[in-house]
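K.L.:
Construct all of the structure, not just a fragment, from the sequences and the given hints.
Here the protein sequences come in this chain order: A and B. Just remember that the numbering used here sits 323 ahead of the position in the first sequence, which is counted from 1. Just remember that the numbering used here sits 1 ahead of the position in the second sequence, which is counted from 1.
It is possible that part of the hints are untrue.
[To be verified] To spell it out: a stretch of chain A is covered by chain B in this simulated footprint if at least three of its residues, at any positions, have a beta carbon under 8 Å from a beta carbon of chain B; those stretches are:
no., stretch
1, 377 to 384
2, 395 to 404
3, 410 to 420
4, 423 to 429
Bear in mind the hints are in silico, worked out from the structure with no lab data behind them. All C-beta atoms, glycine included, are put in the ideal place defined by N, C-alpha and C.
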Amino acid sequence: MSQTCIRVTDLVKTYKDLIAVNRISFDVREGEILGILGPNGSGKTTILKSILGIIEFDEGSIEVNALSVKKRRKEILKNTGAILEGARNIYWHLSPRENLIYFAGIRGIPKKSIRQRIDYLLESLELSDVADKEIRQFSSGMKQKCALACAFIHNPSILLLDEPTLGLDVEISRTLRDWLLNVVEKEGKTILVTSHNMDFIESICDRILIIRRGEIISHETVESLKEKFARKHFRIDLESEPRSHLLDTIGTLGSVSVSGSSISVELESANQLIPLMRILDLADTTMLDFRTVENDLEDIFLEVIREEEQ
Amino acid sequence: MRFVTLIAAEAKMLYWSLRRYMFNTVAMLVVMFLIFMGMFWGIKSIGGSGVTGDSLDSMLVGYVLWVSAMLALQNTGSEITSESQRGTLEQLYLSPMGAEKIFFVKAVINMAFNFIFITAMLYLSMAATGRWMNVNLPYLYVMVLLSTLSLVGISFMIGGIGLIHKRIASVNGILSFGLIGLMLLPTYPVTPYAFLPFVAGAAAVRNSIVRGHVYPVWWYLFITGNSLIYLIIGLFVFKRMEIKARRLNKMGQY
Chain A
324 MSQTCIRVTD LVKTYKDLIA VNRISFDVRE GEILGILGPN GSGKTTILKS ILGIIEFDEG
384 SIEVNALSVK KRRKEILKNT GAILEGARNI YWHLSPRENL IYFAGIRGIP KKSIRQRIDY
444 LLESLELSDV ADKEIRQFSS GMKQKCALAC AFIHNPSILL LDEPTLGLDV EISRTLRDWL
504 LNVVEKEGKT ILVTSHNMDF IESICDRILI IRRGEIISHE TVESLKEKFA RKHFRIDLES
564 EPRSHLLDTI GTLGSVSVSG SSISVELESA NQLIPLMRIL DLADTTMLDF RTVENDLEDI
624 FLEVIREEEQ
Chain B
2 MRFVTLIAAE AKMLYWSLRR YMFNTVAMLV VMFLIFMGMF WGIKSIGGSG VTGDSLDSML
62 VGYVLWVSAM LALQNTGSEI TSESQRGTLE QLYLSPMGAE KIFFVKAVIN MAFNFIFITA
122 MLYLSMAATG RWMNVNLPYL YVMVLLSTLS LVGISFMIGG IGLIHKRIAS VNGILSFGLI
182 GLMLLPTYPV TPYAFLPFVA GAAAVRNSIV RGHVYPVWWY LFITGNSLIY LIIGLFVFKR
242 MEIKARRLNK MGQY
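P.N.:
Right, dumping it as structure tokens:
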């Protein structure tokens, strides 16, 4: 069992009358990627900034590698990197290499001892060809890669990422995902990430924390979350639009929704699959396709939020 | 060693920025050169033969003092505003060295650059006009450094306010013009004005260089003490404002 890397206990943060974070507790283990999901204003960024000591929290405690954020912040920062405002976190009038040298320098790491690391980061993030060009000219994705390299310059074991894929296209998001998965697998890094990009979160995280109005409403692994919210959900494409009689009959087995000549059916149990097939067999229209549809993380997220609201 | 690395990083950052904005750098050099040339030629032509070498020296010393003081005063405040606008302020706060150390080094590096820059322009203007000042430059710079440290302290106070209120350009503007008044106040033997920041140092520089006044050692110690006290107060206020900015989540939000 790997060690606990970040321990947040009963964290509370308020701004005047607004409770941004309300008694949140969770752990992140070494080598794990924990995702934090939540609607805008749910407290995700406040949690990240509290861990980094950029926000002074009101109650509770945060420990990183068993060191208290309130008492030993500077020691914690030696081993922690973060991207908080996306690509705005770096100097656009400098080149990637200059940014890397500068961020190493303000952390007290001389250029001589970091030369190899700079080359490694530039190469692994495919920035070598543009290493000496002004960042201002880069695309959003390239800028984000530079920000990631800068956050990693001191080779931290913990990385906190706030919306790392915001405004990025699918290809760049996947490149970043693969790069992060690689450093976690090969170097055992620990990552805490917030994002609205469900595909990114689903493909990268071991566990997911869903928060709403500053409170945790779900805290599970991606698999168990999917299992919990798994539905016997089928999509049937017909040759023509279904008649109301057919829909009523299928409706006795579960909930039905129609879109043109396609029917979506959510069965109450797997046993009802055979009766459903019989009904379709007797229908006066031809079935073109029948497939199982799995809930994706976005559906699950919305369902968790809806359940909580009810 | 880590502190030396930080100094090197800030020096490189200044060099890269000057190089990247080459047009602005050259324009800055030209403007400063023209101001010095204007002083050498303009005052002579307005004042005619009544203008003595001493009054020209006094003008130049006053100008060097004012420019150095203004830059020291505006430094941290404007750095915080621009870092905040860019979105890089929070990254500075993620350095284990501490943001106050980074901003202090930024201020010192900028002051050092300004000294070099002003000296180069001063000598270039003297060479161009053939009119050489009788000024003890090492003394001038040591005194400017000693007395402007108090303004670095004030700059940290303004920077601290900037962490919370973000836009502080008008405060900087008002204080910069207020400096002209401060530089003219009498301070020796001890007057209440001497306890204000920068005033005693500026008066000592002007009077000793232009009028040949000799001050006792305790007066220089007083100037040093005055500067250090304002610097410490400035750093303390900055730290308090930083804590407040953290509590209000104002760090980095522009």
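K.L.:
Work down the list of hints and note, for each, if the structure agrees.
P.N.:
Results for each hint:
no.: 1; hint: 377 to 384; verdict: holds (count 3)
no.: 2; hint: 395 to 404; verdict: holds (count 6)
no.: 3; hint: 410 to 420; verdict: holds (count 7)
no.: 4; hint: 423 to 429; verdict: holds (count 6)
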